[in-house]
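All chains should be modelled from the sequences, with the hints used to inform the complete structure.
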Amino acid sequence: MHIHDPQTNPVSHPTLSPDAAARLAESKRRYWRTNLCIMSGLLAVWAAVGFGCAIVFADVLNAYTLPGTSYPLGFWFAHQGAIMVFVFIVLAYCVLMNGLDKKHRNEMDAIIGKVKKEPR
Amino acid sequence: MTIQTYTLIMVGISFSVYLGIAWWSRVKDTRGFYVAGQGVPAVANGMATAADWMSAASFLSMAGLISTMGYAGGVYLLGWTGGFVLLALLLAPYLRKFGHYTVPDFVGDRYDSQFARLVAVICALFVSFTYVAGQMRGVGVVFSRFLDVDINVGVVIGMAIVFVYATLGGMKGITWTQVAQYWVLITAFLVPAIAISIKLTGEPLPSIGLGADLLPEVAGTAGVSLLTKLNEISAELGFGSYTVPFVGAWDKWNVALVALSLMVGTAGLPHVIVRFYTVKNVRAARWSGFWAILFISFLYVTAPATAGFARYFMISTLNDRPATEMPGWFTSWEKTGLILWIDNGDDRLRFSAGKDNEIFRAGAIPAAELGQIKMDHQRWLDTNGTAGADARIILNELGLSGPDRDIIVLATPEMAELANWIIALVAAGGLAAALSTASGLLLVISSSVAHDLYFRILRPEASEKQRLLVGRAAIGVAVVIAGIFGIYPPGFVSEVVAFAFGLAAASFFPAIVLGIFNKRVGTVPAVTGMIVGITFTAWYIVRCSLMKEAPMDFGIFPMPINPQGIGALGMALNFIVTLTLTPFFAAPREGVQKMIDAVREPEDASEALTIEGAPEH
Numbered sequence: 023m024h025i026h027d028p029q030t031n032p033v034s035h036p037t038l039s040p041d042a043a044a045r046l047a048e049s050k051r052r053y054w055r056t057n058l059c060i061m062s063g064l065l066a067v068w069a070a071v072g073f074g075c076a077i078v079f080a081d082v083l084n085a086y087t088l089p090g091t092s093y094p095l096g097f098w099f100a101h102q103g104a105i106m107v108f109v110f111i112v113l114a115y116c117v118l119m120n121g122l123d124k125k126h127r128n129e130m131d132a133i134i135g136k137v138k139k140e141p142r
Numbered sequence: 012m013t014i015q016t017y018t019l020i021m022v023g024i025s026f027s028v029y030l031g032i033a034w035w036s037r038v039k040d041t042r043g044f045y046v047a048g049q050g051v052p053a054v055a056n057g058m059a060t061a062a063d064w065m066s067a068a069s070f071l072s073m074a075g076l077i078s079t080m081g082y083a084g085g086v087y088l089l090g091w092t093g094g095f096v097l098l099a100l101l102l103a104p105y106l107r108k109f110g111h112y113t114v115p116d117f118v119g120d121r122y123d124s125q126f127a128r129l130v131a132v133i134c135a136l137f138v139s140f141t142y143v144a145g146q147m148r149g150v151g152v153v154f155s156r157f158l159d160v161d162i163n164v165g166v167v168i169g170m171a172i173v174f175v176y177a178t179l180g181g182m183k184g185i186t187w188t189q190v191a192q193y194w195v196l197i198t199a200f201l202v203p204a205i206a207i208s209i210k211l212t213g214e215p216l217p218s219i220g221l222g223a224d225l226l227p228e229v230a231g232t233a234g235v236s237l238l239t240k241l242n243e244i245s246a247e248l249g250f251g252s253y254t255v256p257f258v259g260a261w262d263k264w265n266v267a268l269v270a271l272s273l274m275v276g277t278a279g280l281p282h283v284i285v286r287f288y289t290v291k292n293v294r295a296a297r298w299s300g301f302w303a304i305l306f307i308s309f310l311y312v313t314a315p316a317t318a319g320f321a322r323y324f325m326i327s328t329l330n331d332r333p334a335t336e337m338p339g340w341f342t343s344w345e346k347t348g349l350i351l352w353i354d355n356g357d358d359r360l361r362f363s364a365g366k367d368n369e370i371f372r373a374g375a376i377p378a379a380e381l382g383q384i385k386m387d388h389q390r391w392l393d394t395n396g397t398a399g400a401d402a403r404i405i406l407n408e409l410g411l412s413g414p415d416r417d418i419i420v421l422a423t424p425e426m427a428e429l430a431n432w433i434i435a436l437v438a439a440g441g442l443a444a445a446l447s448t449a450s451g452l453l454l455v456i457s458s459s460v461a462h463d464l465y466f467r468i469l470r471p472e473a474s475e476k477q478r479l480l481v482g483r484a485a486i487g488v489a490v491v492i493a494g495i496f497g498i499y500p501p502g503f504v505s506e507v508v509a510f511a512f513g514l515a516a517a518s519f520f521p522a523i524v525l526g527i528f529n530k531r532v533g534t535v536p537a538v539t540g541m542i543v544g545i546t547f548t549a550w551y552i553v554r555c556s557l558m559k560e561a562p563m564d565f566g567i568f569p570m571p572i573n574p575q576g577i578g579a580l581g582m583a584l585n586f587i588v589t590l591t592l593t594p595f596f597a598a599p600r601e602g603v604q605k606m607i608d609a610v611r612e613p614e615d616a617s618e619a620l621t622i623e624g625a626p627e628h
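Protein sequence lines correspond, in order, to chains F and A. Each residue of the first sequence is one higher than the one before, starting from 23 at the first, in this note's numbering. Each residue of the second sequence is one higher than the one before, starting from 12 at the first, in this note's numbering.
One should not assume that every hint holds.
As the list claims (entries may be wrong) - Keeping only pairs whose Cα atoms sit at most 20 Å apart, straight-line, the calculated DMTMM-like set for lysine to aspartate or glutamate is:
id	chain 1	residue 1	chain 2	residue 2
1	A	K240	A	E214
2	A	K346	A	E336
3	A	K605	F	E48
4	A	K366	A	E247
5	A	K530	A	D608
6	A	K385	A	D357
7	A	K366	A	D387
8	F	K50	F	E129
9	F	K124	A	D608
10	A	K385	A	D358
11	A	K530	F	E48
12	A	K366	A	D354
13	A	K346	A	E380
14	F	K50	F	D131
15	F	K50	A	D608
16	F	K50	A	E601
17	A	K385	A	E408
18	A	K263	F	D81
Claimed, not checked - These stretches of chain F come out as covered by chain A in the derived footprint (C-beta under 8 Å, 3 or more residues):
id	stretch
19	40-54
20	58-68
21	76-87
22	122-135
Honestly, the hints are just simulated from the structure, not real lab data. From the three backbone atoms N, C-alpha and C, an ideal C-beta is built for every residue, glycine too.
The structure is reproduced here in structure tokens:
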């Protein structure tokens, strides 16, 4: 069941020129940084809604009702709203990260492809 | 047809479908057995993940808990959905890239230590067992009520069914069975909720119905909102308000800590992480994560509505009724001991939060003792209080006021006088929820024992055949142990599960997160952190739940901390200890550093990151 052991499969391309290797490393570094940005941005929304609206400010928000219903707003966030927002957070993560993966896949293919001069 | 006949038919049909699927998708090779051959489409995997995630606790107990807790019941909603966000964003993509689908395997390799692996295996087993026990208990409750058998017999039937299809179909069988189980459980949950919502408010969507006005024929006058009415009658009977937050012991700190414990605890549950391996690539894994939370949310936004409706029926329909006019559902549940009516002699039921309350549950009191209590009560009534003892005082002191919360979801359709087939459908749904989670967990327990413990620690030279044999045997032993826990439960379903989450939160979560996002953390700090986190959390839970000592406020919190929320503090302690010790100990060796680098790339950047390219498994 041990599926993958990165130690035996180092992700390096010995045929790359130093310049291309540097650009490859740079692309990977940017990928990781953007990844962290997307993740922390979405987790900030997660915390703001899941803890902020639903718990910390629940008593304050309960003074208002959700327009068109008789839900006190803080109660609504804790019992309904937060869950709906969570679904959108995962959707956003999915779309953004799949896009980012594709972008960097192409970028890295271009770097490796140019040096190797052969289709991967 | 009676409810029992309908239930037999529904349960019979759904069980045949599950067993049929298990037979159709039975597998012989280990890859199919453990990761379903990676051929599962994202949407189907989303459904399977949802069924895996939504346990007997979500289906049976959660709405009941919310029903009695009101606003504070939101901790379960927030905890169990918010936890999925953490799993999808922080853990699953990286664990998949690491290529380790048991948490102990990841912990052992990342921290380069057999000891760390062993600690993680023990935690994983403990968490999984507690969780499975809750499912078995749920199966027992459903069987005992609807098929008129003893709860313990119900647990044994559940054990037998799970054992058959978990060993037969492996992960592939479990996946497709879970897809079927998702549909059974979501239909069973939504149909009665929609019917009740229409009946009370005229709104077909329960989430809208809860926030809408009651129909004039229900409320007497037009323009009375359900929630307002609920708050009013709750206040009259001395219960806390349904929508006002932070009542009693549930202050802001406790709500936040319990929600956080449940979130980080669920995020580390091994049976859900493994589901991210059954799809082709990371792209599909992300989509299946989205489908999963979407499918989960259908139940989770409906549960609070069911809870509100049930609360309304409970307190508005029972009070002041004489024994001869009790609804049928009440008398059937009375037989199971999950609801008890101790009358004060006026033959009128009283359900309130005060001393005059007459609704209780038997809890873990043995039948003989309960009979004695009832006889003493009758004597107390007959002698006008000069002899015998008031059972209401005894039961209240034992903390057994109010009906067992596990019955709320099952009883609500009956309260609303829905058709018999709907009530039977709910029974089948409860079983589907319990069985889907139990089977996923049993597979993980078996892989933990066969892979992490037996193969990686005890006998690295074991052959494939031996490992499979150990895996199968482990399922058998696990089912028996889970059944024993189900027959002698340490608490009711949700509480048992919540404690498992506390321990998972304090042990795994910091170790995994730091393992991925911090390259500097080495073996000694991580292991010390885990041990400190587990010890602290276990100590507090044992102290409060087993030894029945009063919860503590640690001198910094305004209120004593609920043992269900202690996992969040254990987790914080784990983070603090690990990060404080890190600068004083060696960084991980180069191989491990490379491993961490590898997960920080787009997944298909290296060819070997698929299961097909695996060296061995």
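Results of checking the hints against the structure:
Pair hint K240/A plus E214/A holds up; C-alpha atoms about 17 Å apart against a cutoff of 20 Å. For the given pair, K346/A sits about 17 Å from E336/A by alpha-carbon distance, which is consistent with the 20 Å threshold. Straight-line distance between C-alpha atoms of K605/A and E48/F comes to about 16 Å, which keeps the hinted pair within the 20 Å bound. Of the pairs offered as hints, the one joining K366/A and E247/A holds, with about 14 Å between alpha carbons and a cut-off of 20 Å not exceeded.
Proposed proximity of K530/A and D608/A is supported: the alpha carbons are some 9 Å apart, at most 20 Å. A C-alpha spacing of about 16 Å is found between K385/A and D357/A, which places the hinted pair at or below 20 Å, so the restraint holds. Under the criterion of a C-alpha separation no larger than 20 Å, the hint pairing K366/A with D387/A is consistent with the structure, at around 18 Å. Distance restraint check for K50/F and E129/F: the Cα-Cα separation of roughly 10 Å lies within the 20 Å cut-off, and the hinted pair is therefore satisfied.
A threshold of 20 Å between alpha carbons decides the hint, and for K124/F with D608/A the separation of about 19 Å falls inside it, so the pair holds. At most 20 Å may separate the alpha-carbon atoms for a hinted pair to count; K385/A and D358/A meet this at roughly 15 Å. Note on K530/A and E48/F: the hinted pairing holds, with a Cα-Cα distance of about 18 Å set against a maximum of 20 Å. Pair hint K366/A plus D354/A holds up; C-alpha atoms about 12 Å apart against a cutoff of 20 Å.
For the suggested pair K346/A and E380/A, the alpha carbons sit about 16 Å apart, so the restraint of at most 20 Å is met. At roughly 12 Å between alpha-carbon atoms, K50/F and D131/F fall within 20 Å of each other, so this suggested pair holds. For the proposed pair K50/F and D608/A, the alpha carbon gap of about 10 Å is at most 20 Å, so the pair holds. With a CA separation close to 19 Å, the supplied pair K50/F and E601/A stays within the 20 Å bound.
Proposed proximity of K385/A and E408/A is supported: the alpha carbons are some 15 Å apart, at most 20 Å. Taken as a hint, the K263/A and D81/F pair is honoured in the structure, with Cα atoms around 9 Å apart against an allowance of 20 Å. Counting residues of the stretch 40-54 of chain F whose beta carbon lies closer than 8 Å to any beta carbon of chain A gives 3, which meets the minimum of three for the stated coverage. A count of 4 residues in the stretch 58-68 of chain F with a Cβ less than 8 Å from any Cβ of chain A is obtained; the coverage claim is therefore met, three being the minimum.
Here's how the stretch 76-87 of chain F fares: 6 of its residues keep a CB closer than 8 Å to some CB of chain A, so the rule of at least three is met and the hint holds. Evaluation of the coverage hint for the stretch 122-135 of chain F: fulfilled, as 5 residues show C-beta separations to chain A shorter than 8 Å, against a requirement of three.
Of the numbered hints given earlier, the model fails none.
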